[in-house]
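Given the structure of chain L, go ahead and fit chain W onto it with the hints provided.
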Amino acid sequence: MIPPIGSSTTGATGWQPQPVALARAKSNERARKIFLGFTALPVVLILLVTLGLLIRSWPILSTYPLQDLLFGEVWKPSKMLFGLLPFITGTVWITAVGVLISVPPCLLVAIYLSEYAHDSTRSFIRPILDLLAAIPSVVFGVWGLVTIVPFVESTVMPFAKAAFPYIPFLKVDQPTGFSVLSGGLVLAVMIAPLLISVVYEVLLTVPNDLRRASLAIGATQWETIRRVLIPQVLPGIIAAVVLGASRALGETIAVLMVVGNVPQIPTSIFDAAYPLPALIANNYGEMMSIPLYDSALLGAALILLIIILIFNVLSVIVLQRVKQRKWE
Amino acid sequence: MESHIQVKDLKVSYGKQEVLKNVNLEIPRNRITVIMGPSGCGKTTLLMTMNRFLELNEGVTIAGQVLVDGHNIYSPDVDVTEVRKRVGLLAQRPTPLPMSIFDNVSYGMYIHQMRKETIEYKQAVRHYLELAGLWDEVGKRLHDPATALSIGQQQRLCLARGLAVEPEIILGDEPTSALDPVSSAHIEHKLLELKEKYTTVVVTHTLRQAKRLADHVVFMYLGEVVEQGPAAEVFGNPREERTKQYLQGLF
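Those protein sequences? They're chains L and W, same order as listed. Numbered according to this note's numbering, the first sequence spans residues 73 to 400. Numbered according to this note's numbering, the second sequence spans residues 199 to 449.
Everything labelled a hint here was simulated from the structure, so no lab data went into it. Note that this is a predicted model, so its numbers are computed, not measured. Just to be clear, a hint being listed does not mean it is correct.
[Claimed, not checked] Under the rule of at most 25 Å between Cα atoms (straight-line distance), these lysine to any residue pairs were calculated in the SDA-like manner: (1) W:K209 / L:K395; (2) W:K314 / L:I297; (3) W:K209 / L:H190; (4) W:K209 / L:D191; (5) W:K214 / W:G238; (6) W:K314 / L:T292; (7) W:K409 / W:K214; (8) L:K395 / W:M297; (9) L:K148 / L:L138; (10) L:K395 / W:D342; (11) L:K395 / W:I349; (12) W:K214 / L:Y188; (13) W:K219 / W:N270; (14) L:K395 / W:P343; (15) L:K395 / L:D281; (16) W:K314 / L:R298; (17) L:K395 / W:A376; (18) W:K214 / L:H190; (19) W:K320 / L:R299; (20) W:K219 / W:F449; (21) L:K395 / W:T345; (22) W:K314 / L:L138; (23) W:K314 / L:D281; (24) W:K214 / L:T292.
Pulled out of the complex, with its shape left as it was, chain L reads as follows:
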């Protein structure tokens, strides 16, 4: 029983919770639970999405051999052939090319911004990078279609054909610019803002004392960057690259518009490819009368999700370690 206000049941008057205080505590607790509920939502969503994909792709996972699914080279749903290898290799190719093109210039930009640039330059460039990140994917796709694809077709491919006819990954076997390279170029631009800002933030975690220790004995800024900063932030750079890759892996519409969407295993950056996200986006909802087709597409989605989750988790772990590192 709650004692009335002012009554003293024990020796310490006034310190027991009063009715008003109990009500306040209760509403506080209610608020906390509501906030918690919404905070838990992302976790629940990831689990639900994964579970949903697992359930929907179960028909094919349980009947079709997993190795035929992952390593089968032929995709002919009407003949009950669901080899995803062309799409998995396509995704890997496009992502790898995109990351390889994007990383070097992004490193230079991030290092410039954090080490050389004046405050005024920084405050000018950073919003522009945010703007670049805000450009809708489909706009990048259109841009790729009207500039990158023709550029690859009319300039890069003839050059590669003449310059390196025998280098395996650079062979030109097809006539159009719809290719892994076009997809990689578009992706490179799309992941650049993310790469730059992550590397920049990692560089910010390096204490100034460290730069000054190097400068104090007469090192130039470049020597300091090369011999002190880069070795120090290398894990962070790697994590940034992995994060960029996981963003690139899932990019759908812009890539789909420029890579040609031919279900083949690419052997050159000038081959057309058909990445997993494009496969799903192009086909889901069509020809669903074919048995297992729907299930195979959702299996592809599950594989994509798992790859991206692994990449993300890895990079987040490394980044947290870098940021918490003791610099003593």
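Leaving out everything else, chain W in the frame of chain L:
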């Protein structure tokens, strides 16, 4: 006494805030000069003008001259890396570079291409570690990461690293304030030993340390040099009222 560093009409401001007002100084060669004063008086700012570190901060304006051996280190023909090679700095917090003990000491010699053969680097690293009084403790584990050393050892490593590029001048920015008493004594002892060969300028806010180290004293207050002179004079018989009050611990 011959002066090694002269500061002439030095004015420094951060934005609109003036932190050094017309400073003029003479710093004698091969002596320890202690710059003392209450916090915020501009003593570290003054020190940082002597290896051109101050200009690393954005929004700083520096006017006037700092002459080393009669040459203005702020004149346009001066190479800033050469200034910093000749004017070493022992920072407040020991900051080993993220590399091995050996590489920390050889880093400066390497970037300035001061040696040729590997054997010369090895000999030099040993020499400077001995000079900093650290060789006996680390001689057998030169390739361990420098961060594994204790804070006191790290500061002596930083001293060795600074000495390795053969400076003429050592600046110390409260070089013992992050250290325990034993390590502090070690560093002070080293500075006293080294003053035969190097001109040393130390900023400190502890009066007792100033008295232990100083041959020459500069007392600063609110961005001005109030008094400067031989330690015996400034401590024993200060001319200025503010110096007297500071020495009595009034502020």
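Evaluation of the provided hints:
no. : hint            : in the structure
1   : W:K209 / L:K395 : violated (39 Å)
2   : W:K314 / L:I297 : holds (24 Å)
3   : W:K209 / L:H190 : holds (23 Å)
4   : W:K209 / L:D191 : holds (24 Å)
5   : W:K214 / W:G238 : holds (16 Å)
6   : W:K314 / L:T292 : holds (20 Å)
7   : W:K409 / W:K214 : violated (35 Å)
8   : L:K395 / W:M297 : holds (19 Å)
9   : L:K148 / L:L138 : holds (16 Å)
10  : L:K395 / W:D342 : holds (23 Å)
11  : L:K395 / W:I349 : holds (22 Å)
12  : W:K214 / L:Y188 : holds (24 Å)
13  : W:K219 / W:N270 : holds (19 Å)
14  : L:K395 / W:P343 : holds (20 Å)
15  : L:K395 / L:D281 : holds (16 Å)
16  : W:K314 / L:R298 : holds (21 Å)
17  : L:K395 / W:A376 : holds (23 Å)
18  : W:K214 / L:H190 : holds (19 Å)
19  : W:K320 / L:R299 : holds (20 Å)
20  : W:K219 / W:F449 : holds (20 Å)
21  : L:K395 / W:T345 : holds (17 Å)
22  : W:K314 / L:L138 : violated (61 Å)
23  : W:K314 / L:D281 : violated (29 Å)
24  : W:K214 / L:T292 : violated (29 Å)
The structure is inconsistent with the numbered hints 1, 7, 22, 23 and 24, although it conforms to all the rest.
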